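Participant: What follows is the residue order along each chain.
Protein chains: 4
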Amino acid sequence: MPGDTISVGVLGYRFMGRAHANALARLPMFFPDAPDVERHTLVGRDEDALSDAADRLGFAHTATDWESVVDDVDVFYNLGPNHLHADPSIAALEAGTHVLCEKPLARKLAEAERMRAAAAASDAVAACAFNYRFVPAIRYAKGLIADGKLGEIRQVRGRYLQDWLVDPDTPWSWRNDAALAGSGALGDLGAHTVDLARFLVGEQVGAVETVSGTLRTFVNERPVPDSDERRPVTVDDAYTAQVEYASGAIGTFEASRVADGHKNDHTIEVHGSKGSLRFSLERLNELAFKGEHHRGYETILVTDESDPYVDHWWPPGHVLGWEHTFVHENYEFLSAVAADETFHPSFEDAYQVQRVLDAVERADERGERVALR
Amino acid sequence: MPGDTISVGVLGYRFMGRAHANALARLPMFFPDAPDVERHTLVGRDEDALSDAADRLGFAHTATDWESVVDDVDVFYNLGPNHLHADPSIAALEAGTHVLCEKPLARKLAEAERMRAAAAASDAVAACAFNYRFVPAIRYAKGLIADGKLGEIRQVRGRYLQDWLVDPDTPWSWRNDAALAGSGALGDLGAHTVDLARFLVGEQVGAVETVSGTLRTFVNERPVPDSDERRPVTVDDAYTAQVEYASGAIGTFEASRVADGHKNDHTIEVHGSKGSLRFSLERLNELAFKGEHHRGYETILVTDESDPYVDHWWPPGHVLGWEHTFVHENYEFLSAVAADETFHPSFEDAYQVQRVLDAVERADERGERVALR
Amino acid sequence: MPGDTISVGVLGYRFMGRAHANALARLPMFFPDAPDVERHTLVGRDEDALSDAADRLGFAHTATDWESVVDDVDVFYNLGPNHLHADPSIAALEAGTHVLCEKPLARKLAEAERMRAAAAASDAVAACAFNYRFVPAIRYAKGLIADGKLGEIRQVRGRYLQDWLVDPDTPWSWRNDAALAGSGALGDLGAHTVDLARFLVGEQVGAVETVSGTLRTFVNERPVPDSDERRPVTVDDAYTAQVEYASGAIGTFEASRVADGHKNDHTIEVHGSKGSLRFSLERLNELAFKGEHHRGYETILVTDESDPYVDHWWPPGHVLGWEHTFVHENYEFLSAVAADETFHPSFEDAYQVQRVLDAVERADERGERVALR
Amino acid sequence: MPGDTISVGVLGYRFMGRAHANALARLPMFFPDAPDVERHTLVGRDEDALSDAADRLGFAHTATDWESVVDDVDVFYNLGPNHLHADPSIAALEAGTHVLCEKPLARKLAEAERMRAAAAASDAVAACAFNYRFVPAIRYAKGLIADGKLGEIRQVRGRYLQDWLVDPDTPWSWRNDAALAGSGALGDLGAHTVDLARFLVGEQVGAVETVSGTLRTFVNERPVPDSDERRPVTVDDAYTAQVEYASGAIGTFEASRVADGHKNDHTIEVHGSKGSLRFSLERLNELAFKGEHHRGYETILVTDESDPYVDHWWPPGHVLGWEHTFVHENYEFLSAVAADETFHPSFEDAYQVQRVLDAVERADERGERVALR
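Protein chains in written order, with this note's numbering: chain U, 1 to 373; chain L, 1001 to 1373; chain D, 2001 to 2373; chain Y, 3001 to 3373.
One should not assume that every hint holds.
Unchecked claim - Calculated pairs, DSBU-like style, for lysine-lysine (alpha carbon to alpha carbon, straight line, at most 35 angstroms):
#1 Lys1142(L) to Lys2149(D)
#2 Lys149(U) to Lys3142(Y)
#3 Lys1142(L) to Lys1274(L)
#4 Lys2274(D) to Lys108(U)
#5 Lys3142(Y) to Lys3108(Y)
Unchecked claim - Here are a few chain U residues that face chain Y, going by a calculated C-beta distance under 8 angstroms:
#6 Asn220
#7 Val224
#8 Pro225
#9 Ser227
#10 Arg295
#11 Tyr297
#12 Glu298
#13 Ile300
Don't read these hints as lab results, they were simulated from the structure. What you are looking at is a predicted structure, and each value in this text was computed from that prediction instead of being measured. Backbone N, C-alpha and C define an ideal beta-carbon position, used for all residues, glycine too.
Generate coordinates for the entire structure from the input sequences, incorporating the hints supplied.
Facilitator: Shown next, in the form of structure tokens:
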């Protein structure tokens, strides 16, 4: 395929649809060596909204059934709600179509296992869109860890705090429903944390071996939009977890959608035998680093030309935003597709994340520290 | 012109050229009610580089002389170095072509006055690209001040710190040359501060009436790239100033290109009789606000749907970057062009800024507090 | 006893001995209504060091056996290592001597239970020195919570990070020994966190009902000072825990002595249905508060005359230090002694903390979420 | 005098009286090699209040006239309002009595000159109480600069923001009166900034050579307590200044008593050819340092045993407060007295500060950049 235009079909045209369409649109100007991409077909249910979105997001065609699309394009972006991740992604992979699926990979571990098996059986690239791996400061942090600047990693701490559900009158949506979403804060936010921790320190600490976990729902029903109905919330508003890694390192993870005052506060901290680091998504251009020759944390604005991806953008100090992570992610994914190379985070990577999410749920139910399944 | 496509000619294809081309490219997806724009002609001197840039930035044509372009397009973007601001902009305005000129408007006040006169004599829109007016947090801050949340404004403090010239071996460029740039940190950075202060509090405090100023050059010559030559630095590396406003309010402004550890730290602080606020460009999604019912500053992440421009982008907490200011600026400018409406910051606005810059230089030379000319 | 001078005997003359002696010495100038205190007897083992310390700390007498002291003074301060908390404190209480015992109350729950029983059987005041309850910002925070400013409390997060054991050559001390200390980071630091969380939100969320916990030792032996010996570390370097409260609220606690870059970083965060707050010991004059009418956290410098204890000290903005918590604590404790009133934190309070520490250890051993014993 | 007890007479028993009395009281416990001090006589006007204060602050005697005291004690602490600085201090020095005088040294330069002359003519130690020189983080910062870690110093920025006069109904006091205070924010706060800048970088940049300045009064009269009267404010609420040093370095200074939201925010920043640093009084245990091998600022908690003065206090991370600066200051001053050594900051140092304050006032009046007198 190198040299050819890659045709992309996209399921989902709301938040994630816009984020990825924007990323695709920006590649030619800022990543000129990225493969050419045709925004081919946008898939959705509501024909009017779909047609408007296709116009706006630059898609040539629309479709209301994904079945017709998954083998009609080179690459399939699965940006639908969680309950739509498995079947279309598997169908695409079976058709040899490359897949980029939003996170969490699946609602439950068994579903993730089916998807991973499909990926393993396919020659196509099967990617999961953990976009925070593509923050320059995170890549820079990974480099510091790989270079031994933190020594032996001992402790990891990740938390992802939002507050959009603090108001009990925030309307019910599929994200509040176990059948559609699988879980709540755990899958939506926790998946990011588990993946990011794995990306940063996985080579040093090995796999998560045991998990203790707690899930909690604070608001038990929510109003249905344009209706008098209140529908039950069947997922967690918050989770907390403790993990043990193969190396003996330990970690704590948590997330909340009811942490008042926090909009998108994904903070990850790592302590090693020689140093520490801290990253926070609301200030995503910054990394706090404490190395062997420091007394305290150095606040680094990771916007120099030599920083990961930054040479594609602006001079030092001209900060990037959240959406740039999608540009980098799409660049790497499409380049892997074009070059027929492996890509991470893959379905396998996302499956490993799902094993941890599954363990959190089992640990909570059983009131035990559980081994991964 | 409403409803028609606006053809744009752009002089300059490096840093600012990319920032504006990117902004133009992003409008359709995020500001669908923006006028249609054709990236018509890109103007530069080096034909090869120009041709590459035009391809990448999406321009249909190139030209090496601006004279042929300024009356061939609807809108002329003057993104060249400072010594090229006046003549092409004036020619365009005389041709009835709308102009968006980068800041500072001119090298010196007399030049700015010529440009302002040309703007006054033309029916075209004459805009100066003070992009920081278009940061959501700044717009939000302006609203707080206009609503009286700070009471009577008494003190303003602005500083713009960079460090790219701290290394004496950073190569010489036109930005170090008085004939080409007019001034150094003063015009390049100080112009932003003076404009932003005026935008935020001008309606409350009136015009700057007197100025005391100091300019300083710390590194007196710099190496010329690909040469053994060292060329003199004839502009300031840093300036400081004190101002008095018509209302009796006072302010301090300063900028430096040798403030080690600061990449793009434009901080502005305002104190009034009822409250205070603080904004810093390296954390441009945040505003610190202290109102009448606060004890200390509240750190507001200005990313809610109700915040200026934010509804066009992402959900709360999904932070924007530096480049988004250009999208907002281009949106407002092109909308004004299409609707035949006035636009701010105009050449008149930029001329008022230039009067302050001029006063800083005169105050420094004469060792006096000077009135504006 | 009101009106009379209270004679104090103190066991321990190092870190805590100095902190409390300083507090006693400062009361007359800053808390003139505090009871008069005589620093009567200082108790220790090394006669020379003890004599020097008594001179410096202002004690009239010294003793090498606590047995002779506990019924010879009005009040007994037990500032010895953990293994010396129980017997002298119990003996003092049995003698009707008031006791202020350093935290954690005991090495293990059974020991704490003996101490609590002695306190219950005695008319004397039995206090445990959880000094962070006496930080003005913490008192202020408690008031905000009590006033309902955070609504219904849902989540608590406490962590206490130090790094003095990150170096494997930091010498062995009693703090590394299970027989002498009971536990490591858990008892030394975690006790503070558990108590502070209870102090802040206990009335809202009720008791801790279940605990999941993990303990970890990263450096397994340490050099003995002035010797070639390396002695095993038999306590935890770090712990993590999840808790569930009676109300359904949840929390995460953790501490580490190997968190490089953190000296004394005790951070506690609370989220409720209407607001949040955050406190950090290294900036102990500050409280971050997000209430119903805030968009983000307000950083409050808790140094106004109206703030708890502050009217005894300096004008607004003249910050207090760590040691002031001891002055406040001693003031309250001695005032309670003089007035024959109850005092918190009591042995009962400290016993409740110990139940949580015990549960963390049991949960870790059993790999289960355990109920409190 | 070494070995003997030093008798101290103190004029003033309010804010500064308490701060110094506390410092004297704390020396024996924490600085055992400090000279012995007798708090001999407390001087004031109101006999009842004075007697109470003497009891509380530990003075053996009281006096309502300073004349009788200045040659009756070894050391005279002049902590009165500014208009009482000159005569008692001069009388003491003429009597051979050592003097510690609060800052600013005098109301006006001529008065400072008289005091400096008296100091020069006396064998006694003449000290001015610029206590911020004795903050551990400031001493540490000075060491970094002296060691060349910042390279050649180019820019200094100092600001001292308070808000206790933001309310127009804050009562009139001597601090609002030119005859009693000399100046307002300039002398009260600016003196600290000018001295601290001089302490930190004076050896590198030489003396201040020129000054431009602005003074402003925003609230022109204030209510007199227990009266219907409103009395005019005849001093500045805020000042701003630009300075040029002998070396060519430049600086900006400012202070305000109406900067809403700032309680005691004295921030000083230094930029050199190799690095930068930043200190802020409200977080006085911290220093932000950017050296040659840093990308950004490192936040250092200056509480290690190896940090200046810290070995006298507590373990790392147990933060000090504002008042500790007075303990360090008194320790150094009294040690110099006992050893018959010179002490800084001296009257000569304070006179140099006063020359800058004087220049700010003259520059403001004349609307010129003025040389120091």
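Participant: Take the hints in turn and mark each one as holding or not.
Facilitator: Results of checking the hints against the structure:
1. Lys1142(L) to Lys2149(D): holds (29 angstroms)
2. Lys149(U) to Lys3142(Y): holds (29 angstroms)
3. Lys1142(L) to Lys1274(L): Holds. Lysine 1142(L) to lysine 1274(L) sits at ~15 angstroms (cutoff 35 angstroms).
4. Lys2274(D) to Lys108(U): With Cα atoms ~33 angstroms apart, lysine 2274(D) and lysine 108(U) stay inside 35 angstroms; holds.
5. Lys3142(Y) to Lys3108(Y): holds (29 angstroms)
6. Asn220: violated (40 angstroms)
7. Val224: Nearest chain Y Cβ about 43 angstroms off; hint violated.
8. Pro225: violated (40 angstroms)
9. Ser227: Result: violated, 45 angstroms to nearest chain Y Cβ.
10. Arg295: holds (5 angstroms)
11. Tyr297: holds (6 angstroms)
12. Glu298: Since chain Y brings a Cβ to about 4 angstroms from glutamate 298(U), closer than 8 angstroms, the hint holds.
13. Ile300: holds (5 angstroms)
Violated hints, in rising order: 6, 7, 8, 9; the structure is consistent with all others.
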